[in-house]
Amino acid sequence: MDKRILKDLLYEQVARIGKAASSPKRLELLDLLAQGEKTVEMLASELSADIKLTSAHLRVLKEARLVTSRRDGKYIIYQLTGSDVAGLWVNLRQVAEEHLLELKMALGQMMADPEKLSAVSRETLLEQAQRGEVFVIDVRPQTEYETAHLPFARSMPVAEIELRLAELPSDVEIVAYCRGPFCLLSDEAVALLAAKGYRVRKILDGVSEWQAAGFPVEQPES
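Residues in the sequence shown are numbered consecutively from 1, following this note's numbering.
One should not assume that every hint holds.
Below, a list of computed lysine-lysine pairs in the DSBU-like style, where the Cα atoms sit at most 35 Å apart [unchecked claim]:
#	residue 1	residue 2
1	104	74
2	3	104
3	25	52
4	116	196
5	3	62
6	3	19
7	62	74
8	62	104
9	19	104
10	62	25
11	74	19
12	19	52
13	7	74
14	52	104
15	25	116
16	196	74
17	62	19
18	7	19
19	25	7
20	74	25
21	52	62
22	116	104
So the derived label-pair ranges between C-beta atoms look like this [claimed, not checked]:
#	residue 1	residue 2	range
23	216	172	28 to 38 Å
24	9	48	20 to 30 Å
25	48	108	18 to 28 Å
26	165	120	23 to 33 Å
No wet-lab data here; the hints were simulated from the structure. Fair warning: this is a prediction, and the values are worked out from it, not measured in the lab. Ideal Cβ positions, reconstructed from N, Cα and C, are used throughout, including at glycine.
Please take these sequences and the hints and turn them into a complete structure.
And the structure:
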């Protein structure tokens with residue numbers, strides 16, 4: 001085979017990944033599936049899109065081998081083809097954050113109250129949680145927590161917090177996290193708990209960011 005044709009073929013294959021990731025909705029699907037497997041119906045609800053459009057986006061991701069699916073009764077369940085796909089999403093987002101002023105400004109609007117952000121490093125947070133100096137809560141849905149979560153984190157979906165206040169300590173700071181920097185669930189949790197008088201902050205990391213940085217997560221035994 002001609003060397004030029006071969007090189008074109010190689011780059012074309014890699015470009016399949018870029019083409020599949022070129023849609024905002026498909027990027028959001030990768031972010032959602034990094035939290036654990038989900039049905040088409042669940043994904044459509046999260047995207048605020050109809051099932052037909054969501055399925056079309058999932059087909060593109062599947063053709064690029066970024067997701068896979070299985071049938072469970074009448075449901076089709078999707079998942080990422082590997083943890084490296086979650087890492088791809090994190091790396092792509094971090095490059096965008098570094099170089100796109102528009103994204104920096106948008107994130108700045110989301111983080112308008114820096115007092116709500118935990119300023120400690122991942123290492124320090126892990127040590128503080130281990131010593132019981134902070135109380136880490138995972139405010140994602142329970143199924144996502146069960147797929148993987150930060151060490152020492154307690155599952156407390158944001159919709160359940162008001163009913164479970166008795167489980168929260170009043171003498172240490174609470175640290176909330178959700179799906180990563182683009183997720184607003186932890187903001188809801190911080191606002192709710194602060195209004196109840198708790199000392200509470202959030203971190204921008206989700207499980208994918210934690211893993212991409214080389215830190216351990218807790219997962220169910222296979």
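Consistency of the hints with the structure:
1. About 42 Å separates the Cα atoms of residue 104 and residue 74, which puts this hinted pair outside 35 Å; it is violated.
2. Simply put, residue 3 and residue 104 have alpha-carbon atoms about 41 Å apart, too far for the 35 Å limit, and the pair is violated.
3. Of the pairs offered as hints, the one joining residue 25 and residue 52 holds, with about 13 Å between alpha carbons and a cut-off of 35 Å not exceeded.
4. With a C-alpha separation of about 15 Å, the suggested pair residue 116 and residue 196 falls inside the 35 Å cut-off, and the hint holds.
5. At roughly 29 Å between alpha-carbon atoms, residue 3 and residue 62 fall within 35 Å of each other, so this suggested pair holds.
6. A hinted pair counts as satisfied when its Cα atoms are at most 35 Å apart, and residue 3 with residue 19 qualifies at roughly 24 Å.
7. Under the criterion of a C-alpha separation no larger than 35 Å, the hint pairing residue 62 with residue 74 is consistent with the structure, at around 19 Å.
8. Among the hinted pairs, residue 62 with residue 104 is consistent with the structure: their alpha-carbon atoms are about 30 Å apart, no more than 35 Å.
9. The suggested pairing of residue 19 with residue 104 holds, with an alpha-carbon distance near 24 Å, which does not exceed 35 Å.
10. At roughly 14 Å between alpha-carbon atoms, residue 62 and residue 25 fall within 35 Å of each other, so this suggested pair holds.
11. Proposed proximity of residue 74 and residue 19 is supported: the alpha carbons are some 30 Å apart, at most 35 Å.
12. Only pairs whose Cα atoms come within 35 Å are accepted, and residue 19 paired with residue 52 is accepted, the gap being roughly 20 Å.
13. Distance hint between residue 7 and residue 74 is unfulfilled; the C-alpha atoms sit about 43 Å from each other, more than 35 Å.
14. A distance of roughly 33 Å separates the Cα atoms of residue 52 and residue 104; the hinted pair therefore holds under the 35 Å criterion.
15. Under the criterion of a C-alpha separation no larger than 35 Å, the hint pairing residue 25 with residue 116 is consistent with the structure, at around 28 Å.
16. As the CA atoms of residue 196 and residue 74 are separated by approximately 43 Å, the hinted pair breaks the 35 Å bound.
17. Straight-line distance between C-alpha atoms of residue 62 and residue 19 comes to about 12 Å, which keeps the hinted pair within the 35 Å bound.
18. For the hint pairing residue 7 with residue 19, the CA-to-CA distance comes to about 18 Å; that is within 35 Å, so the pair holds.
19. A threshold of 35 Å between alpha carbons decides the hint, and for residue 25 with residue 7 the separation of about 30 Å falls inside it, so the pair holds.
20. Only pairs whose Cα atoms come within 35 Å are accepted, and residue 74 paired with residue 25 is accepted, the gap being roughly 24 Å.
21. Between residue 52 and residue 62 the alpha-carbon distance is near 15 Å, which keeps this suggested pair within the 35 Å criterion.
22. Pair hint residue 116 plus residue 104 holds up; C-alpha atoms about 18 Å apart against a cutoff of 35 Å.
23. Range check, residue 216 to residue 172: about 22 Å between beta-carbon atoms, so the 28 to 38 Å window is missed.
24. The hint said 20 to 30 Å for the Cβ distance between residue 9 and residue 48, and at roughly 38 Å that hint is violated.
25. For the hinted restraint 18 to 28 Å between residue 48 and residue 108, the CB-CB distance of approximately 24 Å keeps it satisfied.
26. The given range of 23 to 33 Å is respected by residue 165 and residue 120, whose C-beta atoms sit roughly 24 Å from each other.
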